[in-house]
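Engineer: Below, each chain spelled out in residue letters.
Protein chains: 2
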Amino acid sequence: MRFEKHIFVCENKREEENPRGCCHDKGGADLRQLFKAKLKSKNLNIKFRANAAGCLDACEYGVTVVVYPEQIWYGGVTENDVDEIIENHLIKNIPVERLIIKDNLPTAGRKVYKK
Amino acid sequence: MRFEKHIFVCENKREEENPRGCCHDKGGADLRQLFKAKLKSKNLNIKFRANAAGCLDACEYGVTVVVYPEQIWYGGVTENDVDEIIENHLIKNIPVERLIIKDNLPTAGRKVYKK
Numbered sequence: 023m024r025f026e027k028h029i030f031v032c033e034n035k036r037e038e039e040n041p042r043g044c045c046h047d048k049g050g051a052d053l054r055q056l057f058k059a060k061l062k063s064k065n066l067n068i069k070f071r072a073n074a075a076g077c078l079d080a081c082e083y084g085v086t087v088v089v090y091p092e093q094i095w096y097g098g099v100t101e102n103d104v105d106e107i108i109e110n111h112l113i114k115n116i117p118v119e120r121l122i123i124k125d126n127l128p129t130a131g132r133k134v135y136k137k
Numbered sequence: 023m024r025f026e027k028h029i030f031v032c033e034n035k036r037e038e039e040n041p042r043g044c045c046h047d048k049g050g051a052d053l054r055q056l057f058k059a060k061l062k063s064k065n066l067n068i069k070f071r072a073n074a075a076g077c078l079d080a081c082e083y084g085v086t087v088v089v090y091p092e093q094i095w096y097g098g099v100t101e102n103d104v105d106e107i108i109e110n111h112l113i114k115n116i117p118v119e120r121l122i123i124k125d126n127l128p129t130a131g132r133k134v135y136k137k
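So the sequences go chain by chain: R and H.
Taking our numbering, I'd label the letters of the first sequence as residues 23 to 137.
Taking our numbering, I'd label the letters of the second sequence as residues 23 to 137.
For reference, chain R alone in the conformation it holds in the complex:
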């Protein structure tokens, strides 16, 4: 594998008037930069990569972060959560339970099911 864990941080930007909001305006880009900087400072950036992502379709939970390959989805992630995700999830393999999105249906999925 190329990365042991691959962290995708939503940085999607929508127009201000869009009712769905967007992770960019909630700090997605800064969050990703912080992940990247902290991983690099710990020499963990070869094993773990913090990647920018477009809309992850979990807009109401933003800032949304998904960690693969274990497909753990986090919502409402802030800069205060970065150390805990790195130390517990990435290094010790213990996901940060309090941030996990419990709802497993993507937004597009809910729209379909509501029809």
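Among the clues, some could well be false.
Same chains, same names: a pair is fine if it fits in one copy or spans any two.
[Claimed, not checked] List time: in silico BS3-like cross-link candidates among lysine-lysine, alpha-carbon distance up to 27 Å: (1) K48 <-> K58; (2) K69 <-> K114; (3) K58 <-> K114; (4) K69 <-> K58; (5) K35 <-> K60; (6) K114 <-> K35; (7) K124 <-> K58; (8) K124 <-> K62.
In case anyone wonders, no lab produced these hints; they're calculated from the structure.
With chain R's structure known, arrange chain H on it following the hints.
Structural biologist: Using the frame of chain R, we list chain H on its own:
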């Protein structure tokens, strides 16, 4: 899980003079749009999501695509490969062998090892 398979397509854009090149200039954004449109036309966009990604650090293989959770990395992907990836990999779970990046070390990794 929110998606059965999550396809990240690199759309990273670098300045034209950058020797590493970039997936954007090789057609990354159009490729992602094609994945998205084809998945939607087949009503597969709930199970499978084609997502924009920033630099996946496999620049020399661009356009780079990674499919999670199985962490299959594809390089040199063009619009002509989209049907085969959807039909064989996403639907039938048979990865498209000829496109798989064999090298497992990310670019940043190689730089470190070369020191």
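Engineer: Hints first: check each against the structure and report whether it holds.
Structural biologist: These are the hints, each one checked on the structure:
| no. | hint | in the structure |
| --- | --- | --- |
| 1 | K48 <-> K58 | both (18 Å within a copy, 25 Å between copies) |
| 2 | K69 <-> K114 | within (13 Å within a copy, 30 Å between copies) |
| 3 | K58 <-> K114 | within (18 Å within a copy, 35 Å between copies) |
| 4 | K69 <-> K58 | within (12 Å within a copy, 29 Å between copies) |
| 5 | K35 <-> K60 | both (24 Å within a copy, 24 Å between copies) |
| 6 | K114 <-> K35 | neither (32 Å within a copy, 34 Å between copies) |
| 7 | K124 <-> K58 | both (26 Å within a copy, 25 Å between copies) |
| 8 | K124 <-> K62 | between (30 Å within a copy, 25 Å between copies) |
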